[in-house]
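Go ahead and model the full structure; you've got the sequences and the hints to work with.
Protein chains in written order, with our numbering: chain D, 42 to 399; chain F, 569 to 877.
It should be emphasised that the hints constitute simulated quantities derived from the structure, not laboratory data.
A couple of the hints might just be wrong.
[Stated by the list, open to error] Going by beta-carbon spacing under 8 Å, a handful of chain D positions derived as facing chain F: (1) P82; (2) A83; (3) A85; (4) L172; (5) A177; (6) A180; (7) F184; (8) F307; (9) H360; (10) A361; (11) F366.
Ideal placement from N, C-alpha and C gives every residue a C-beta, glycine not left out.
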Amino acid sequence: MFYRENGQFKTSYRADQQIFPIDQDRWLVLALLAVVCLVVPALASDYLLRAILVPFLILALAAIGVNVLVGYCGQISMGSGAFMAMGAYMAYNSLVRVDGMPLIVALLIGGLCATVFGVLFGLPSLRVKGLYLAVATLAAQFFADWMFLRVKWFTNDSPSGSVSVSNLQLMGWSIDTPVEKYLFCLGFVVVFAWLAKNLVRSAIGREWMAIRDMDVAAAVIGIRPMYAKLTAFAVSSFIIGVAGGLWAFVHLGAWEPAAFGVERSFQLLFMIIIGGLGSIVGAFFGAAFIVLLPIFLNQSLPVLGALVGVSISTTGVAHAEAMVFGALIVWFLIVEPHGLGRLWALGKQKMRTWPFPH
Amino acid sequence: MAFFLESLFGGLMAGMLYSLVALGFVLIFKASGVFNFAQGAMVLFAALAMARFSTWVPQWIGIESLILANAIAFVLAAALMWVVAWLIERLVLRHLVNQEGVTLLMATLGITYFLDGLGQTLFGSNIYAINVGMPKDPVFLMESTFPGGVLINLEDVYAACIAALLVGALSLFFQKTSTGRALRAVADDHQAAQSIGIALNRIWVIVWFVAGVTALVAGIIWGSKLGVQFSLTTLALRALPVVILGGLTSVPGAIIGGLIIGVGEKLSEVYLGPFVGGGIEIWFAYVLALVFLLFRPQGLFGEKIIDRV
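Quick look at the structure:
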């Protein structure tokens, strides 16, 4: 009724190729941006910002990075936690070892180091495919776990192995309240989501998708598999590395290698599977789902238990949480294997053609 | 030299146990194309069931004999694994036929969470002991050849024998029984097997049950060594390099890969570890497997991957 492109005539190729070709979409996104930039900081409580929105934004950024590699280029990676760790530790090192290092430059250096690390562990992908590659990427994960625990240089010789940053400064503006942290992360997420969306629509993005759909056929029509796969690893690990830096600096403040363990890699994979492989907006849905679900279960299970007259202990809640989480994941994969991103696209299509779908 | 032999034997014993877990992976992958991440959770679940049943059974029916109690507990735990296999086939696999490999992999990760939660809810989350009467004493071998001899844990020898017995029994089952033949047919070609009247669903339940039993045996052996605790689930991550080294589709590959990884990580930890700060065994196994893969992308014994446009 109100959501369709009737009467919006495109007169140039540029206009036809916009990210949001329908005017209504563009207004909606602008309105959404206005809400998240102005209304949310004004209204949200500190708890909401600190415990939900900041982790959501950072993990959504990481999920976009994983999606570039897994969803667009089809190379299953279970080493995302290692790339996050690399970003976090190298950003930390560049911040503490160089005097007057600006925060953003430190985060980007972390991302670049993660890129190098990612390309290095992406090299086997030229030879090894599919599930063999998935397991091979776990090598990156366990190597990083060990390296940040045992090699003292990375932790600046701190005796306990845990490192911390405080007093984050951005050109004289100190980031310490939850609202400022939220806005700082939001800036990164908006910029990187926009860059990623444009990248996957460009020539290189189409090469990734060709490799994903069938690598031999792609090579036959002149796409260089090595170039396409390694650029996907590079772009993906850069974004994941920056997200890792944000996660460590802004969300955690003080951290140990365990913060970027193999569970983190699985969590990121869950996000993009639930959100939808090969969908930027899906990364946001998936991140929201995975961040909110444990909090929701944690709050609701004791209440539900009290309703039926069973008091559940804390460990009982943790176990029940794991059960419900696992069951929901499986259920989700069964009913919508293409993820929330597909549901969103279907819904938009239904609206566009309503009330005459044929 | 004696020290080298000790490390070598230790590695071989550990490798035998990795082979058991890897065997579960390979069986399921061959029969249903599912890369089963839940194998580690199944080890924990089965071991918890075994540990608890072996203490509960004497209380319920009042028998004194340790062997009888353990036997009954083993049968009960195996029956429980049958139920788990049936439920997984019924509720998960049946609905995910023809999905991509990564979706199935994620589904088994979901099963992992569920089994971890369920096992600890049903059986409690403390550390439990399994006592199946394995001797704990170390013995010295070849004292005449080397000064001081070679120290061997008798428990490890028994464990290796049990693992070898299980592998032998499994290969007999696969070669000599009609169900085993059906399983091999399904592993070769799903559609051809279906067209001659083999019911895939039944085969899947059987194969998950067999994987459950190997998980149970692995769980008993590790549990009686270290106690049944949550860290048993990490056994799956330790066994993954074995699977890709040996090839996802090869049973002999799982066994030989297990021995290579077991020996490799033990020797690397002993001889290489001190130079780089120790604790390298877990990633060393992966890197070892990765180097092998660079030369043979399908693993040592895996089926050759042929790409066609």
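Evaluated hints:
no.: 1; hint: P82; in the structure: violated, 35 Å
no.: 2; hint: A83; in the structure: violated, 38 Å
no.: 3; hint: A85; in the structure: violated, 30 Å
no.: 4; hint: L172; in the structure: holds, 5 Å
no.: 5; hint: A177; in the structure: holds, 5 Å
no.: 6; hint: A180; in the structure: holds, 4 Å
no.: 7; hint: F184; in the structure: holds, 4 Å
no.: 8; hint: F307; in the structure: holds, 6 Å
no.: 9; hint: H360; in the structure: holds, 4 Å
no.: 10; hint: A361; in the structure: holds, 6 Å
no.: 11; hint: F366; in the structure: holds, 5 Å
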